[in-house]
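Undergrad: Following the hints, put chain C in place on chain E, whose structure we already have.
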Amino acid sequence: MVNGYKPTTLQEAVEIKSRVSVTPYAGGTDLMVRNIPDAVYLFLNDIDELRQITQDDAYIRIGAAVTFTQALDSDLVPPLMKEAISRIAAPAIRNAGTFGGNLGNASDKADSVLAGFALDGRVRLVSAKGERVIPFDDFCVRRGVTNIADDELIAEILLPKEKCALPYYYKKIGGRSALAISRVAFAGAYEVHNGVIQAISATVIGEGKFTRYREVEATLIGKSVDEVSANADAYAERFIEKMTFTRGRVSAEYRKTVVTNLFKDYFASMK
Amino acid sequence: MNGIHFRLNGKDTCYDGSAADRLLDVLRDTYDMKSVKCGCKEGECGACAVLIDGVLVNSCCVAMGAVDAHEIVTVEGYRETARFAALSKAFADLSAVQCGFCIPGMILAAEALLSKNAHPTEEEVRTALSGNICRCTGYNAIVNAVLNAAKEGDGLW
Chain E
1 MVNGYKPTTL QEAVEIKSRV SVTPYAGGTD LMVRNIPDAV YLFLNDIDEL
51 RQITQDDAYI RIGAAVTFTQ ALDSDLVPPL MKEAISRIAA PAIRNAGTFG
101 GNLGNASDKA DSVLAGFALD GRVRLVSAKG ERVIPFDDFC VRRGVTNIAD
151 DELIAEILLP KEKCALPYYY KKIGGRSALA ISRVAFAGAY EVHNGVIQAI
201 SATVIGEGKF TRYREVEATL IGKSVDEVSA NADAYAERFI EKMTFTRGRV
251 SAEYRKTVVT NLFKDYFASM K
Chain C
1 MNGIHFRLNG KDTCYDGSAA DRLLDVLRDT YDMKSVKCGC KEGECGACAV
51 LIDGVLVNSC CVAMGAVDAH EIVTVEGYRE TARFAALSKA FADLSAVQCG
101 FCIPGMILAA EALLSKNAHP TEEEVRTALS GNICRCTGYN AIVNAVLNAA
151 KEGDGLW
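In order, the protein sequence lines correspond to chains E and C. Positions 1 to 271 (this note's numbering) are the ones given, in order, by the first sequence. Positions 1 to 157 (this note's numbering) are the ones given, in order, by the second sequence.
The set of hints was computed from the structure by calculation and includes no laboratory data. It cannot be assumed that every hint is accurate.
The calculated lysine-lysine pairs, modelled on DSSO-like cross-linking and capped at a C-alpha distance of 27 Å, are [to be verified]:
hint : chain 1 : residue 1 : chain 2 : residue 2
1    : C       : Lys41     : E       : Lys109
2    : C       : Lys11     : E       : Lys82
3    : E       : Lys161    : E       : Lys82
4    : E       : Lys223    : E       : Lys171
5    : E       : Lys209    : E       : Lys163
6    : E       : Lys171    : E       : Lys256
According to the in silico footprint, chain E covers these stretches of chain C (three or more CB under 8 Å from chain E) [claimed, not checked]:
hint : region
7    : 43-51
8    : 55-62
9    : 66-75
10   : 143-154
We put the CB at the ideal spot given by N, CA and C, even for glycine.
With the rest of the complex left out, here is chain E (with noise of 0.2 Å):
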């Protein structure tokens, strides 16, 4: 094959990756558009191991190239997962599109990305020399960077199980309702007994990174639901001074003023 390589098992992909320059290609539907020069790609849309949903006793897992569209006919994929991903693009980019390239691409808009935030999403990434896994927060740097070393694949997303069976949050704004990039979206899920919060994650595009503030989180910890609900505008103002929003389609201060508004709304709706 000419400026291609197209294996069929993860160790052969990633032994190539060990001495090649290649760009990993699962989808396409985000590298054909940047349509790079003279690009050399390594294909690992048609590996087996990369295309299951699993799962074990901590975690959903999955394959880099599954396409959005097999997760959501997937019954293990979580509800906050498949409402985000419900919402990308259209129908022929979700039958093509994969969570390793939305992850792999370090777009700052990616939608299962910040799902995968909210539920504490964990990436196994895979080398001819070994293996690792390591939380989103680590893997994510900012926009177009990651963490992931020249000869590593990404190989499996790992999802917690006790994250996904938690009530959850999700809102996407965008300009239209299909093929819409998020100019912000939020996500959250959170755990309540006895009407006092006992976990909680809060995540949002449109800071041109993805981030958690788990030690504003942390506070909100052994409150009252009612008492976060009633003062919604503070507990709110703790992330959001933390915050920093970038101007692009829309200003920082449209997104900021968004943003707070679902924070609103996401206190609100905790039960």
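TA: Using the frame of chain E, we list chain C on its own:
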């Protein structure tokens, strides 16, 4: 491995060019499949949609290496089927075709929907066509044509 081997409209085909070439360009320029339209090259318009193993995909966002060992159907192949005849009649009956540029993508998006869901609701049709842009904005007629094809072509899907 030499060449990229795939089936195109039922015919075994071998492409000797670069694995990084766009499927859209290769279909139009090498294999003369002019039903596959180039609208945006960004996966935004759906005019270049084809079926790969029966699944709707935008051919502008596919590199040739990815189709090795797969089966591609364009309208040039699909038009030989009874399903196409039912869709074609429904589109004609309702004057759903204006300039026609988006129609090959619309037809294949309709086939992709009906092959999974033979009796879709209007909402399901609109979702299935949501990645196919018609700049004549004739959406209602197109949606109604797909619904009519499903009704009058009952049993074909």
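Undergrad: Please verify whether E/Lys161 and E/Lys82 have alpha carbons no more than 27 Å apart.
TA: Given that 27 Å is the threshold and the Cα spacing comes to 15 Å, the pair holds.
Undergrad: E/Lys209 and E/Lys163 were given as a pair; does the straight-line alpha-carbon distance stay at or below 27 Å?
TA: Between E/Lys209 and E/Lys163 the Cα gap is close to 22 Å, so the pair holds against 27 Å.
Undergrad: Under the criterion that the straight-line Cα-Cα distance not exceed 27 Å, is the pair C/Lys41, E/Lys109 satisfied?
TA: The hint holds at about 20 Å.
Undergrad: Are the Cα atoms of E/Lys171 and E/Lys256 separated by 27 Å or less?
TA: Distance ~15 Å between E/Lys171 and E/Lys256 Cα, so the pair holds.
Undergrad: Closer than 8 Å Cβ to Cβ for three or more residues is the test here. Does the region 143-154 of chain C pass it with chain E?
TA: It is violated, with 0 qualifying residues against the three required.
Undergrad: Do at least three Cβ atoms from the region 43-51 of chain C come closer than 8 Å to Cβ atoms of chain E?
TA: holds (count 4)
Undergrad: At a Cβ distance under 8 Å, does chain E reach at least three residues of the region 55-62 of chain C?
TA: With 7 residues closer than 8 Å to chain E, the region 55-62 of chain C meets the three-residue bar; holds.
Undergrad: Are there three or more residues in the region 66-75 of chain C whose C-beta lies closer than 8 Å to some C-beta of chain E?
TA: Contact hint for the region 66-75 of chain C vs chain E: holds, 3 residues under 8 Å.
Undergrad: Quickly compare the C-alpha distance for E/Lys223 and E/Lys171 to 27 Å and report which way the hint goes.
TA: Between E/Lys223 and E/Lys171 the Cα gap is close to 24 Å, so the pair holds against 27 Å.
Undergrad: Does E/Lys82 sit within 27 Å of C/Lys11, going by the straight-line distance between their CA atoms?
TA: violated, 37 Å
Against the hints set out earlier in the document, violations occur for numbers 2, 10.
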